[in-house]
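K.L.:
Going down the list, the sequences are from chains A and B.
Mind the numbering: the first sequence is residues 27 to 458 in my numbering, read in order.
Mind the numbering: the second sequence is residues 69 to 521 in my numbering, read in order.
Keep in mind that the hints are not guaranteed to be accurate.
Stated by the list, open to error - Pulled a few chain A residues facing chain B out of the computed Cβ check, cut under 7 angstroms:
1) 112
2) 135
3) 139
4) 199
5) 379
6) 383
What the hints assert, rightly or not - Chain B stretches covered by chain A per the calculated footprint, using a threshold of three residues with CB under 8 angstroms from any CB of chain A:
7) 331 to 343
8) 399 to 411
Rather than coming from a laboratory, the hints here were simulated on the basis of the structure.
Even for Gly, the Cβ is constructed at its ideal location relative to N, Cα and C.
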Amino acid sequence: MENMIGMEKNRRVLSGDITRHVLDNGLVVLVLPGNTVPVVAVDVWYKVGSKDEQPGKSGFAHLFEHMMFEGSENVGKGEHMKLISEVGGWMNASTGKDRTNYFEVVPSNQLALALWLEADRMRSLKVTRENFENQRDTVKEERRMRVDNAPYAPVFYEILDELAFQNWAYRHSLIGSMADLDNARLEDVIAFHQRYYRPNNAILAVAGDCRVDDVLALVNRYFAAIPAGEAPPEVDLSEPAQKSEIRRRWEDPFAPLPALVMAFKIPPRTSAAYYPLSLLERWLGEGESARLHRRLVEQEQVAAQVSCWLDPRLGPGLFTLFVQLAPGRQLEDLERILNEELERAVQTSPSATEMERIHNQSLAEYYSKLERCFQKADLLCLYQMYSGRPEDLFEEIGRLEGLGAEDVQAAAQQFLIPANRTVIEIVPAGGR
Amino acid sequence: MGKEKPPISDQIIDFAYPGTDSFALDNGLTVQVVHQPVLPKVFFRLGFRFGDKLVPRELAGAGDLLASTLKKGTAHRGYEEIVEGIERLGGELDAASSPDFFFVAGEFLAHTLEEGLRLVREVVEEPVFPEEEVAKERQIQLAELHNQKSSPAYLASRRLYKMVFGTHPYAVFKDESSLARIQRTHLSGLHAQYFRPEDAVLMVGGDLAPKEAHGLAVQLFGAWKASKQRAQRPTLPSLDSTQPRRIHLIHRPQAAQSTLYLGIRLFARNHPDYEKMLVTNKILGGGASGRLFMNLREEKGYTYGAYSQLQLHQEAGFWLAHADVRPEVTAAALETFQEEILRIGTEPVETEELRTAQRYLMGIFPLQNETASSVARLALEQIFYGLPEDYWRHYLERIAQVSIEDVLQTASRYLRTEHLQIAVVGDADKILAQLQALGPVQVFDVNDHPIQA
Chain A
27 MENMIGMEKN
37 RRVLSGDITR
47 HVLDNGLVVL
57 VLPGNTVPVV
67 AVDVWYKVGS
77 KDEQPGKSGF
87 AHLFEHMMFE
97 GSENVGKGEH
107 MKLISEVGGW
117 MNASTGKDRT
127 NYFEVVPSNQ
137 LALALWLEAD
147 RMRSLKVTRE
157 NFENQRDTVK
167 EERRMRVDNA
177 PYAPVFYEIL
187 DELAFQNWAY
197 RHSLIGSMAD
207 LDNARLEDVI
217 AFHQRYYRPN
227 NAILAVAGDC
237 RVDDVLALVN
247 RYFAAIPAGE
257 APPEVDLSEP
267 AQKSEIRRRW
277 EDPFAPLPAL
287 VMAFKIPPRT
297 SAAYYPLSLL
307 ERWLGEGESA
317 RLHRRLVEQE
327 QVAAQVSCWL
337 DPRLGPGLFT
347 LFVQLAPGRQ
357 LEDLERILNE
367 ELERAVQTSP
377 SATEMERIHN
387 QSLAEYYSKL
397 ERCFQKADLL
407 CLYQMYSGRP
417 EDLFEEIGRL
427 EGLGAEDVQA
437 AAQQFLIPAN
447 RTVIEIVPAG
457 GR
Chain B
69 MGKEKPPISD
79 QIIDFAYPGT
89 DSFALDNGLT
99 VQVVHQPVLP
109 KVFFRLGFRF
119 GDKLVPRELA
129 GAGDLLASTL
139 KKGTAHRGYE
149 EIVEGIERLG
159 GELDAASSPD
169 FFFVAGEFLA
179 HTLEEGLRLV
189 REVVEEPVFP
199 EEEVAKERQI
209 QLAELHNQKS
219 SPAYLASRRL
229 YKMVFGTHPY
239 AVFKDESSLA
249 RIQRTHLSGL
259 HAQYFRPEDA
269 VLMVGGDLAP
279 KEAHGLAVQL
289 FGAWKASKQR
299 AQRPTLPSLD
309 STQPRRIHLI
319 HRPQAAQSTL
329 YLGIRLFARN
339 HPDYEKMLVT
349 NKILGGGASG
359 RLFMNLREEK
369 GYTYGAYSQL
379 QLHQEAGFWL
389 AHADVRPEVT
399 AAALETFQEE
409 ILRIGTEPVE
419 TEELRTAQRY
429 LMGIFPLQNE
439 TASSVARLAL
449 EQIFYGLPED
459 YWRHYLERIA
469 QVSIEDVLQT
479 ASRYLRTEHL
489 QIAVVGDADK
499 ILAQLQALGP
509 VQVFDVNDHP
519 IQA
């Protein structure tokens, strides 16, 4: 418990005035003013991801993300990007298993422009056959480039989820199969927008240099008249308990070196287990002094690189390790030594030095996330969606620093067990 | 019903560059502080007036090796202890070499800063470059070099640097034999010669008041010894005179595209015409609304994208334009590039084009200054390139003042097609004849050795 007292002493308690306002059409608006420079971020999360797709229509949520740049009533094709970049701003969008987001970061005198652009496409997306076919081809090209032609990519885009999950919602490919993309119809696109891209299924966050009254006035002007839709159907994300290890060997046509992927099932992001798990991930894998890098890369020189990450979701997620074999070494040796390290984590708790590192790194990451307005806006949306508590942006760190070495070890004992894992041995195609 | 117009603001953004507090220690170390106590962490960046240009030609790549082995061991502790020390404090530490300067940078939590900087001091002042770590890093760089040879952009850029800078060290690139020559003694030699307080600037930014920064700097770096006599710096060869237009082709068998890199030698970063050139380039080729993009991609469909940018160093620089095009339109695309370069130097640009370029350059400035570390980066740029002390305070004004006449004069004065250097990477079997119709062509292989056409 000494750690905890120390951490409280060293953490500056940060807070901010988060305004939460819900429009009559159901749009949740979050505003967090404050920045050292005249820059503001606008971020819209739609609560739709690949989990909402139907069998035979994989890849739809992501294909749709592309359609959102094809123009709306007052914005021409490609004009969104052009308008934002011409004022010196930047923008992007991304699709995940649970959600899709769209954002702009602009000089704060251009806040109205960013909000107007988001409202125009929420209200009046222009869907034509030509745009649709054009974007479907673009997505197929993206698939070829990102998934089919890149080393290790098929494992993380598709193979791992297909092995680890039984429930189709998380099991299927986010980018979609070529066959499903070919079968997508224009009517589906229109129906998708009507069902999911409604204000009542969205969260809008504005963070940075702004005044709450100005933001709410602009949001009212641009978004209030957009009609609500019916509540989208709930998706069952439940997953049968895993009883034994799942294992597969996969030949990668592009991998320069063999690699080992080991993924452990973890509970949803909203579960209390998330916090010790996030410390466990740091303990094993965060930095050059963490156990996995030190043992596998530096001491045994059996790995060229090692990385690990948590992928928490609304439903069950994964804690994944990716280890690339060092040239001239054997995959069997790598797995044996990796297993020794995982076993050591189960048997012995982190040292005081390791706990100090873990807590200080968590604190450093927490502060870094509050450094730029885009990250703040994105996290406000995330917390609103997962916990309904945007103030977790400031408060969640408190749940991490209360944890000690025994909690981290307990998480290792609960989750780092062979029966809970999926293992993929990646070998370069055509032998080693 | 007509379309609604996008609500774009024409009001000039009100942004005062935050600036720094500056002082010097007795040993010559300059320290600058960006005090932004928003979050309890502190960024640091220690810059040295040492860059790849000062490395002997036969040891090209020593700057990169020095950067990657700097934290691999000191007189008092080994690599494991160093990284554990940094990471235990929630800190980060990295080093990088560039043509003109060398940087050691990272950050710590406010309450671990002092302990962290103690380690940084040791790494910077007392590195030992252990033999086996140097050997390990050399292997990594050789592997990277091998990978780069399959990158058309790398091949084209390397050739263009040689065409633009001739015998100047900016045109020197590391290769297998130079990497093989570098020994740990070379690294410690360079370190002893150039890593000195009087040639360094320490930038700190974040939750640290100038007074505390002063105390910390004196305590940690005050005992760093200045050399009795200033290190002998080699005299760099002066730049060759500008070459007439040339075309060099790197033959890459079976290349599915031709990669075009075009360059015209320009002034150094601290030239008074910099902002005029920045606006001119934005109109010509900076981004998806630039003329190059509009013509080569939107109008002619030769390419997925065509852009240009300024590559300015301490002694000189160049204007760089590039595009990947279908092999059959290689020569046509080069002609289009030349037409656009000629046009911006002979016809005044439209008012709206100029305003759009200025709005972009002014709008992006606050975005580039959102963190204390980015402010510190600009402050270091001001010092190292010898820009006026109040440079960043008047930067937006200078952008706003550029006129249509300025753009015309800047383009006609600096962007002269008779000095255009053209590097093409592509399949000679498909494109050599086309290129020869434009003028004489010299052909190279992927190792950059001349071959018979």
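K.L.:
Each hint should be assessed against the structure and marked as holding or not.
P.N.:
These are the hints, each one checked on the structure:
Taking 7 angstroms as the C-beta cut-off, the interface hint given for residue 112 (chain A) holds, the closest approach to chain B being about 5 angstroms. Taking 7 angstroms as the C-beta contact cut-off toward chain B, the hint placing residue 135 (chain A) at the interface holds, the least distance being around 4 angstroms. Restraint check, residue 139 (chain A) versus chain B: the minimum CB separation of about 5 angstroms is within 7 angstroms; hint holds. Against a cut-off of 7 angstroms between C-beta atoms, the interface hint on residue 199 (chain A) is violated, since the closest Cβ of chain B lies about 26 angstroms away.
Hint status for residue 379 (chain A) relative to chain B: holds, with the closest Cβ pair at about 6 angstroms, below 7 angstroms. Taking 7 angstroms as the C-beta contact cut-off toward chain B, the hint placing residue 383 (chain A) at the interface holds, the least distance being around 4 angstroms. Only residues whose beta carbon comes within less than 8 angstroms of a beta carbon in chain A count, and the segment 331 to 343 of chain B has 0; fewer than three means the coverage is violated. For the segment 399 to 411 of chain B, the proposed coverage by chain A is not satisfied: 0 residues have a C-beta within less than 8 angstroms of a C-beta in that chain, short of the threshold of three.
The structure shown violates the earlier hints numbered 4, 7, 8.
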